[in-house]
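First to last, the sequence lines map onto chains Z, F and R.
Under the working numbering, the letters of the first sequence match residues 1 to 361, in that order.
Under the working numbering, the letters of the second sequence match residues 1 to 287, in that order.
Under the working numbering, the letters of the third sequence match residues 1 to 278, in that order.
Read the hints as simulated data drawn from the structure, not as lab findings.
A virtual CB, placed ideally from N, CA and C, is assigned to each residue, including glycine.
You can trust all of the hints, since none of them are fake.
Across the chosen pairs, the derived CB separations fall in these ranges:
hint: 1; chain 1: R; residue 1: M100; chain 2: Z; residue 2: R18; range: 34 to 42 Å
hint: 2; chain 1: Z; residue 1: R105; chain 2: R; residue 2: G93; range: 41 to 49 Å
hint: 3; chain 1: F; residue 1: N40; chain 2: R; residue 2: L91; range: 34 to 42 Å
hint: 4; chain 1: F; residue 1: R185; chain 2: Z; residue 2: F307; range: 40 to 48 Å
hint: 5; chain 1: R; residue 1: P52; chain 2: F; residue 2: L274; range: 46 to 54 Å
hint: 6; chain 1: F; residue 1: F277; chain 2: R; residue 2: P195; range: 30 to 38 Å
hint: 7; chain 1: F; residue 1: A190; chain 2: Z; residue 2: R18; range: 48 to 56 Å
hint: 8; chain 1: F; residue 1: F142; chain 2: R; residue 2: A240; range: 25 to 33 Å
hint: 9; chain 1: R; residue 1: L63; chain 2: F; residue 2: L274; range: 36 to 44 Å
hint: 10; chain 1: Z; residue 1: L306; chain 2: F; residue 2: F277; range: 50 to 58 Å
hint: 11; chain 1: R; residue 1: N226; chain 2: F; residue 2: F270; range: 33 to 41 Å
hint: 12; chain 1: F; residue 1: D149; chain 2: R; residue 2: T50; range: 35 to 43 Å
hint: 13; chain 1: R; residue 1: L63; chain 2: F; residue 2: E145; range: 45 to 53 Å
hint: 14; chain 1: F; residue 1: E104; chain 2: Z; residue 2: G40; range: 45 to 53 Å
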Amino acid sequence: MEADLIVTCLNKEFGSFRAVEEVSFSVAKGEFFSILGPSGCGKTTLLRMIAGFEEPSSGDLLIGGRSMRGITPDKRPVNLVFQHLALFPMMNVAENIAFGLKRRRVAAAEIRRRTDEVLERVELPGFGDKRIHQLSGGQKQRVAIARCLVLDPSVLLLDEPLGALDLKLRQQMKVELKKLQAKVGTTFIYITHDQSEALVMSDRVAVMNRGRFEQIGSPQQLYNDPTTPFVAGFVGDSNLWTGVVVEKDGEAVKVLTDEGFVFHCRQRGGSGRSRVTLFLRPEAMIIEPIDRAGLNIFQVTVKSILFDGANSRLLTATAAGHELLVALPQNRAFDHIAPATEITLGWHPKTGIAFELLDQP
Amino acid sequence: MIRSLPRSRAYDRSFTLFMVLYFLFLFAPLLVTCVLAFNNSDFPSLPWHGFTLDWFFSEGPKRVGIFADGENLRAIRTSFQTAVCVSILCVIVGVCAAFLFEQENFWGKELLYFLMLAPLVIPGVILGISLLLGANSIGVFFEDEFGLDLEIFRPSFWLVVFGQFSFITTFVTLVISARLRKFDRSLEEAALNLGAGPFEVIVHVTLPYLRSSIIAAGAVSFLMSFENFNTTLFLVGARPTLPINLYLQVRDGSTPVINAISLLLIVGTFLLALVNFFYNHNKNQMV
Amino acid sequence: MKRSGMFWIFITPVLLWLVLLIFLPHLDLLLLSFRGDASWTLDNYRNFFTEPIYWLTFVRTALYSIITTLLTLILALPVALYVTKIAKPGLRGFLMVLLMLPFWVSELVRIYGWMILLRESGVLNYFLQSLGLTNQPVEMLYNDATMIMGLVYTSMLFMVIPLVSVMDSLDNSLIEAACDLGASKICIWRTIIIPHCKPGIVSGSIVVFMLVLGNYLTPNLMGGKNSLWFTEQIYNQFIASFNWNQGAAFGFLLLVLSSAIIWLGLKLTGQRLGELSS
Chain Z
1 MEADLIVTCL NKEFGSFRAV EEVSFSVAKG EFFSILGPSG CGKTTLLRMI AGFEEPSSGD
61 LLIGGRSMRG ITPDKRPVNL VFQHLALFPM MNVAENIAFG LKRRRVAAAE IRRRTDEVLE
121 RVELPGFGDK RIHQLSGGQK QRVAIARCLV LDPSVLLLDE PLGALDLKLR QQMKVELKKL
181 QAKVGTTFIY ITHDQSEALV MSDRVAVMNR GRFEQIGSPQ QLYNDPTTPF VAGFVGDSNL
241 WTGVVVEKDG EAVKVLTDEG FVFHCRQRGG SGRSRVTLFL RPEAMIIEPI DRAGLNIFQV
301 TVKSILFDGA NSRLLTATAA GHELLVALPQ NRAFDHIAPA TEITLGWHPK TGIAFELLDQ
361 P
Chain F
1 MIRSLPRSRA YDRSFTLFMV LYFLFLFAPL LVTCVLAFNN SDFPSLPWHG FTLDWFFSEG
61 PKRVGIFADG ENLRAIRTSF QTAVCVSILC VIVGVCAAFL FEQENFWGKE LLYFLMLAPL
121 VIPGVILGIS LLLGANSIGV FFEDEFGLDL EIFRPSFWLV VFGQFSFITT FVTLVISARL
181 RKFDRSLEEA ALNLGAGPFE VIVHVTLPYL RSSIIAAGAV SFLMSFENFN TTLFLVGARP
241 TLPINLYLQV RDGSTPVINA ISLLLIVGTF LLALVNFFYN HNKNQMV
Chain R
1 MKRSGMFWIF ITPVLLWLVL LIFLPHLDLL LLSFRGDASW TLDNYRNFFT EPIYWLTFVR
61 TALYSIITTL LTLILALPVA LYVTKIAKPG LRGFLMVLLM LPFWVSELVR IYGWMILLRE
121 SGVLNYFLQS LGLTNQPVEM LYNDATMIMG LVYTSMLFMV IPLVSVMDSL DNSLIEAACD
181 LGASKICIWR TIIIPHCKPG IVSGSIVVFM LVLGNYLTPN LMGGKNSLWF TEQIYNQFIA
241 SFNWNQGAAF GFLLLVLSSA IIWLGLKLTG QRLGELSS
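One chain only, chain Z, in its complex shape:
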C-alpha cells in the first residue's frame, strides 16, 4: 500500500520536557488513522508538528514522499480541523470555505463551483450565506471539515473536533464522520482522548502515553490483544487481579491470585514465576455457565445491579471482598438476579491477559 504520511523517530523537547519521544508510524492513502491518549500525552504536539505549527527537535516527517522539515504550515499539503473548529466568525459559510481557494488565487467562478460542490458533499447544500453563529454544533463541524476538504489536502488532520459537542450529537457525528471519510477517500489523522471515537471510526489506532506510542493496531487488536498494560487499562474497562505465575507454557499460563483463585489465562512476554496483573473484560465473564469445560469458575455475591440498558452491569464481590464488574446481558435470562444472591461466573482462558508487574517506583 502507498503510504501518504511517514513519520520516523520524531522527537519534540520543550526545555527538558520531552513531549514526543521517538515516534514512528506510517499512514496509508485513504486510511482513517487515530491517535488515542490521555490529555497531556503529547498527541496535540505531534499533530501540530505534522501540520507545521511546531518544528520537531529531531526525526523526519514525509508527506507524499516529500520531507516536511522546514516547510511552513501554509505550504504543506495538509490541513487541520481545529479543536474548537476556528471558523472565522467575521465571514459567512461560503467565505470561510472559499478562504483557502482565494489564497491560491483561484478564479471567482471556480471558487463558487467548488464551494457549492463541497457543501453538497458534506450535506449542507444552500448553507453558503449563513453566518457561523446561525449553525448548529454538527453543522459547524461539517463546515470546518469542508473548509479543509475543498483544498484537496493529501492528509486531513483533526484535533478532537467532537470534544465540544454534547454526548448525543457526538454519537451521531462519529458515524457521520466515518461515512464522510469513506465517501471522500481523504487520509484522516484524528486525535482524541475518547476511546469510543477512536474505536468506532478508525481503520487503525495508535495509543499514545507520555510522549510514546504504546501500540498501533486495528480497534479489534487493541481491544482484544493489548500488548502493554497501559493499553489494556486505557482501552475499554477491565477487572484486575494481582497474582503470581505458577505454571507457564508459551503464552498459556496459570496464575495464583493474591486472594487464592487459580486462573488459566494468557500472558504477553514475561518469564517464569513473576508477579503479574491480570486484566479481564466485564463482558468476558459468563453468568451461570452451562458448559463449564475449560472455563475458569468462581463464586461471587451480587452487591448491586447497575442498570444501563444494553450497557447494564452487575457489581459483585468475591468472598475476599474484591469488587468485580460483570456485564449483564438484557436477554431476560438473568431477571431473577437480585442483590445478595450468590452466582457462579466462568470465563475462557483466552479472554484474560496477564502482564508482568513492573516495579512501581
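Mind docking chains F and R on chain Z? Use the hints.
For chains F and R alone, kept in the frame of chain Z given last:
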C-alpha cells in the same frame, strides 16, 4: 506571525526592535526630564555640568530649589486639597450612581444614563467654559436679585473642584458599576432573609464587596484631578493648581526647578500606579 | 427590586450632579452663544463663517485630529499584537504596566519632556552636534509634524488599551487556521485581525479623536505660531478678548463636531456609547 506559529528569526528580531524603539519613544521624555533635574546648570539642557541637588534643596538667592519655592509649594498644596476633595465627592456620588443605574429601575433611566456618559465625549475645554458660563450666570443672578456676591460662582478653588468632579464622577461610576454588575444579588437577598434592613445590607454586604473597586476608583480620581489641565484652566482663580502653575512657567521659559517638580510627580505617580497594580494583581490571584 | 427608601438617597446626588453641573451649564452655553450685547443674535455664528481664520482653524483642527487618530491606530496595532500574541505570557503583565506608566504622569510633564528633548538648545540637538551630524542647532519644536507627534504620544494609551483587550479575545487558532489554509501575513491582518478588532478600533479611535480635538496643551506648547488649534481660539475669546458669547459659539461648534464624529463612528459600526468605556 504569532507566538504559536513558526516565525523567522528576522521577523522576531525586527519586531523586538520595534518594541524597544516604541518603549524608548514612551520613556525618553520622562527619562530626560528626570536626569536633567540633577544637572548642575541653570538651564534644563545638556552639556552635563555635574551632579547637584540644588534644584531640590537650594534656598537661593541664585537658585531656588523646589522645597524652598513658595509659589510652587503652594500650588502643590492646592492641587492636593483639590484632589482630596474631588476624590471624596466623586466616590460618594459615583457609588450612588452605580447603585442607581445597576439596581434600580425608574422612569427616564435611559436618558439619565446617557447624560451620565456625556462627560466622556465632551472635550474638557468645553466642560470648563460651560461651567464658567453657568456659574457666572448664577452669580450674576444672585447679585442682581439679592445683592449677594458669592465667591463660589467666580473662578475659585471650589469651582475647580466642581469642574473636575463633574467629569471624573463618570469614570468612577463606570468602574464601580462594572464591579457591581458581577455582584451576586442572592447574597443581598440572603441578608434580607436573615433579618437585615436594606441600609444594613448595603453597609455590611454590598459595600465590602465593592471595596477594592472603590479604592481603585478613588486612586484614579485623585490622579485625574491632580493632573487635570483642560477643565481647570477656565475655572482657576487666585490659587492655581500645580499643572496650571507649571504651564505658566513652561510657557514663559523654564528652569530645572520644573524638572525637579516633574521628577517628584513622576516618582509619585509611578509609586501610586504600581501599588494600585500589585494590589489588584494580588487580589485577582487570591480570588 | 425597588428599595423605596434607598432610591431617593441614590438619585438625589446623581440628579444634582447631572442637572446642575452637566445639563444646565451646557444649556447656558447654547443660549449664550446666541446672545449679543443686549439681544438675541446669530452674529456669533456668522462671525465664524465670515472670518476665514476661525473656520480655517476649525477645519485644520478637525483634519489634524483625524490624521493623528490614524497614525495612533497604525502605531498601536503592532504594539497590541506584540503584547497579546507574541510576548511570552509571563512577560505580559509587566509589559502592560510599562505601557501604562507614562500615561499616569501629568500630560504637562510629558510635553515638557519633549520640549527639552527637541528644542533648539535641547538634548537631541546636543547629541546631533556632538556626533557631528549638524553644525547648526535645528529647531525641531514648533512645527506641525512635531505637534502631531506630541498628540500621538499623549493619546497613544487610549488606543492601545482597547486594542489589547480586543486582540486578547481573538482566538489564536483563527490565525493558525488562516495560516494553515495558506494565508500570508498581510492577508491575515486584512481578513482576520482587523475585522475581529473592529470594535476596539472604533472605540479607541473615538476616544483618541475626542481627546485630540479637545487638547489644548500640546498644540499650545509644541505647535508653531501657525499651528493654531481651535481650543486656543476658544481660550482667546474667553481670556484674551473677553468675548464670552463668541467663545460660547465656538465651544458649541466644537461640541457639535465631536458629537457628530462620535455618533457617526458608533452608527457605522453599530456600537453603543456605553461600550466605549469598557
